[in-house]
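Participant: Now for the letters of each chain:
Number of protein chains: 2
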Amino acid sequence: MARKSFPLSKVYGLLEPGPVVMVTTARDGHPNIMTMSWHTMIEFVPPLVGCVISDNSHTFGMLMATNECVINIPSVEIAEKVVGCGNTSGASINKFEKFCLTPKPAAVVGAPLIEECFANLECRLIDTSMVSRYCLFVVEIIKAWIDPAVINPQTIHHLGRGNFMVAGEKIKLRSRMK
Amino acid sequence: MARKSFPLSKVYGLLEPGPVVMVTTARDGHPNIMTMSWHTMIEFVPPLVGCVISDNSHTFGMLMATNECVINIPSVEIAEKVVGCGNTSGASINKFEKFCLTPKPAAVVGAPLIEECFANLECRLIDTSMVSRYCLFVVEIIKAWIDPAVINPQTIHHLGRGNFMVAGEKIKLRSRMK
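Chains F and E are the protein sequences, given in the same order. Residues in the first sequence are numbered consecutively from 8, following this note's numbering. Residues in the second sequence are numbered consecutively from 8, following this note's numbering.
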């Protein structure tokens, strides 16, 4: 797949609709994947994202140790893999191998891109002041990639306990909102 | 409409798919509405939500002064009104009147419910420590309502500049995730 650099100023449009994402980290040559629904844009430029990552997760320690991650956005085609990554812990398995996902080197960070995702956002951890109270990390997106062949990705959106809404039709309204 | 109390422990399933929401506040008898896409669940129980509310907005001052708001979740039927509320400021107009929306008294807070929304979440502001840096408010949902007649609400999800994705089909996957 020919991945294309994507403007940082447009990244908010990928995350603000609330897709389930897959957070990748890597440490000492071991990559990991975490499925995440609790995230929000915090700033347009530079794009800042707030991510809630449980301190029970393997990713928590990886992120704290390396200060880097990638937010990968999957579409419905790989929904089973997304849920598989949510049901398991990287403490005991290599999720890339287990779920036949392909790690690709990122441009800036040590964590891998997931080849099967249509967008990949390389992030640097910039603020841990809300971690002890809320497990809330603030990351800055420093490099973004999209697959230009995917025009209308059907993202998935968690409704709780394995129920997901799949992105439906698009509508356009006259808006002054960014 | 017969509104029904909704368990606080299930609220995360309403917000984590990332719908556009409408935040209502009220002060000195004046109600206001703000359209918002930047929010995330932070805790299941009690349900905590992180909300990014610009300090340029009228709602910012209303929320800081009253420590209360309601998060109302609209569906596509009122998308034009949602965008209308996003395009205007409560500093100069009464948005309930302008967009023919109906304020209903909440049970616990002074801010009104929007009758035309299928879910209404009464909130108390509990943490302003991230407001100066990120305009990020942490609110606790203390009472939740849904319209039991709405089974499969078509929420709207902002993609930027007036483009919205409308909630599509639902799928169920075997998941251990909450």
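Hints are supplied without guarantee of correctness; some may be wrong.
Chain copies aren't distinguished; within one or between two, either way the pair holds.
Said to hold, decoys possible - Dumping the calculated BS3-like pairs for lysine-lysine here, alpha-carbon to alpha-carbon at most 27 Å:
| # | residue 1 | residue 2 |
| --- | --- | --- |
| 1 | K17 | K105 |
| 2 | K105 | K185 |
| 3 | K105 | K179 |
| 4 | K150 | K111 |
| 5 | K111 | K177 |
Hints were generated in silico from the structure; no laboratory data involved.
Participant: Run through the hints listed earlier and report the numbers of any the structure violates, in increasing order.
Facilitator: 1 and 5
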